[in-house]
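Put together the whole structure using the sequences plus the hints.
Below are the chains, spelled out letter by letter.
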Amino acid sequence: MKPHRIALLVALALPFGIATSALADSDDIVVENAWARASIGTSRPGAVYMEIRNKGDEPVTLTGLQTDLAMMPKIHRTATDEQGVSSMSPVGEIVIAPGETVALEPGGLHAMLMQLQRPMEESESFLLTLTFSDRGETTVEVPILGIAARGPED
Amino acid sequence: MERRSVLGYGAAALGALGLALFVGWWQVDGPGGPEPDGRRPLPLTAMEFDLTDHQGRPVGPDTLVGSPTLIFFGFTYCPDVCPTTLADISGWLDALGEDAEQLNVVFITVDPERDNVEAMAEYIGYFHPAIRGWTGTEQQIALAVEGFRATYEKVQTDGGDYTMNHTASVFLFDAEGRFVTTIDYHEPRDFAVPKIRRAMNEEKTEGAT
Ligand SMILES: [Cu+2]
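First to last, the protein sequences are chains A and B. For reference, each letter of the first sequence is one residue, going 6 to 159 in my numbering. For reference, each letter of the second sequence is one residue, going 95 to 303 in my numbering.
These aren't lab readings, by the way, just hints derived from the structure by calculation. Just so you know, these numbers come straight off a predicted model, no measurement behind them. Check each hint, because a few of them may be wrong.
Claimed, not checked - Residues of chain A clear of chain B, computed beta-carbon distances all greater than 12 angstroms:
#1 61
#2 63
#3 71
#4 87
#5 99
#6 101
#7 103
#8 106
#9 136
#10 138
#11 144
Said to hold, decoys possible - Restraint-style ranges between C-beta atoms, simulated for each label pair:
#12 A:136 <-> B:144: 43 to 53 angstroms
#13 A:102 <-> B:284: 30 to 40 angstroms
#14 A:159 <-> B:292: 37 to 47 angstroms
#15 B:223 <-> A:63: 47 to 57 angstroms
#16 B:280 <-> A:122: 44 to 54 angstroms
#17 A:71 <-> B:152: 43 to 53 angstroms
#18 A:156 <-> B:219: 41 to 51 angstroms
#19 B:253 <-> A:132: 14 to 24 angstroms
Using N, Cα and C, we set each Cβ at its ideal position, and we do this for glycine too.
What follows is the structure in structure tokens.
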């Protein structure tokens, strides 16, 4: 394909939200409804949310994250105990059973972006790569919504 | 003899029943009843702390008495629960429309080391304009948190950074400064606006209770 054709395809695809579908190295893993909140500067960590669906017949294991936006992207879980106290801790690997969807959503799992390399500006986007133990990688384009966003539709 | 022992058993049975009733009352409705945070927050009129709002003005519990109040603890370096709760609160305030103007809505930081007046002002600027941001010295923040019977704790993270564990419930007080209820993080969000209305109406039903 000629370079200008590729450019045209990208230009066509962008408005329709590559954001919500994986650029995919694996057809078995579908990432949907990805979004992140804008940041104030670079000293505060960012958070990314999405749904990861395993369409395959085998379990898949999410082992890590990569993005040029942050030095330390990690999966975290927020837990709120019976006293109403919230805390956050890193989650190791996440196993997704065949046919199952894991939701990263406010107050539960999130991809925490620590050591931001540049501010997360509202209405921009960035690429986030999810690494799986045996299914390679899946890269998603994550749209950056406002600081007060509550979900992918905000 | 026989009669006495029957009476004795009767008295013991009554005593046991009474004790059971008392224990039941104590645990359900009495002072031993469960509170969302183990202990009930003090009335605002019984709290003492001196903080600074996001406009640099001195504030304290007295600032809040006279209007119903909604208070939330958090910190601006909080990536998940705090922006989510502030966004929720903003949504509830939108749902209340003009009535929201009668409310004090305050976000108190538990991380005064990083959240100075400027940081609070910038952060709350992204949410509903009724939300105010309070900060202060470590000591005064600790005093405030204690009054609400809330907790917070600094936790080191692997990047050499730190995060804060903290009570994520939203506290509601009536216009007299009496604690009404909390809106907990995991309860259905639909319950929130009716609870806020309840705190707002508490003054009107005063005397009826
Ligand atoms: Cu986190």
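Hints and how they fare:
1. Listed as outside the interface, residue 61 of chain A is consistent with that label: its C-beta sits roughly 29 angstroms from the nearest C-beta of chain B, beyond the 12 angstroms cut-off.
2. No Cβ of chain B comes within 12 angstroms of the Cβ of residue 63 of chain A; the nearest lies about 31 angstroms off, and the non-interface call holds.
3. Consistency note on residue 71 of chain A: stated as away from chain B, and its beta-carbon is indeed over 12 angstroms from all of that chain's, at 16 angstroms minimum.
4. Chain B draws residue 87 of chain A into its interface by the beta-carbon criterion, the shortest separation being 9 angstroms against a cut-off of 12 angstroms.
5. Listed as outside the interface, residue 99 of chain A is consistent with that label: its C-beta sits roughly 17 angstroms from the nearest C-beta of chain B, beyond the 12 angstroms cut-off.
6. Once the 12 angstroms rule is applied to beta carbons, residue 101 of chain A is consistent with being away from chain B; the minimum gap is 21 angstroms.
7. Against the 12 angstroms criterion, residue 103 of chain A stays outside the reach of chain B, whose nearest CB is about 29 angstroms from its own CB.
8. Its beta-carbon lying about 20 angstroms from the closest one in chain B, residue 106 of chain A satisfies the requirement of being farther than 12 angstroms from that chain.
9. Against chain B, the non-interface label of residue 136 of chain A holds: every CB pair exceeds 12 angstroms, the least being about 18 angstroms.
10. Residue-level check passed: residue 138 of chain A sits 21 angstroms from the nearest beta carbon of chain B, beyond 12 angstroms.
11. At the 12 angstroms boundary, the C-beta of residue 144 of chain A stays outside the reach of chain B, the nearest C-beta of that chain being 22 angstroms off.
12. Under the hint 43 to 53 angstroms, the C-beta atoms of residue 136 of chain A and residue 144 of chain B, about 50 angstroms apart, fit the expected range.
13. The beta-carbon spacing between residue 102 of chain A and residue 284 of chain B, approximately 31 angstroms, falls within the hinted interval of 30 to 40 angstroms.
14. Under the hint 37 to 47 angstroms, the C-beta atoms of residue 159 of chain A and residue 292 of chain B, about 28 angstroms apart, miss the expected range.
15. In this structure the supplied range 47 to 57 angstroms holds for residue 223 of chain B paired with residue 63 of chain A, their Cβ-Cβ distance being about 51 angstroms.
16. Distance hint check: the CB atoms of residue 280 of chain B and residue 122 of chain A are about 34 angstroms apart, inconsistent with the given range 44 to 54 angstroms.
17. At about 47 angstroms, the CB distance of residue 71 of chain A to residue 152 of chain B agrees with the hint of 43 to 53 angstroms.
18. Checking the proposed 41 to 51 angstroms range against residue 156 of chain A and residue 219 of chain B shows it is violated: the Cβ atoms sit about 21 angstroms from each other.
19. For the pair residue 253 of chain B and residue 132 of chain A, the beta carbons lie near 22 angstroms from each other, so the given range of 14 to 24 angstroms is met.
Checked against the numbered hints above, the structure violates hints 4, 14, 16, 18; every other hint is satisfied.
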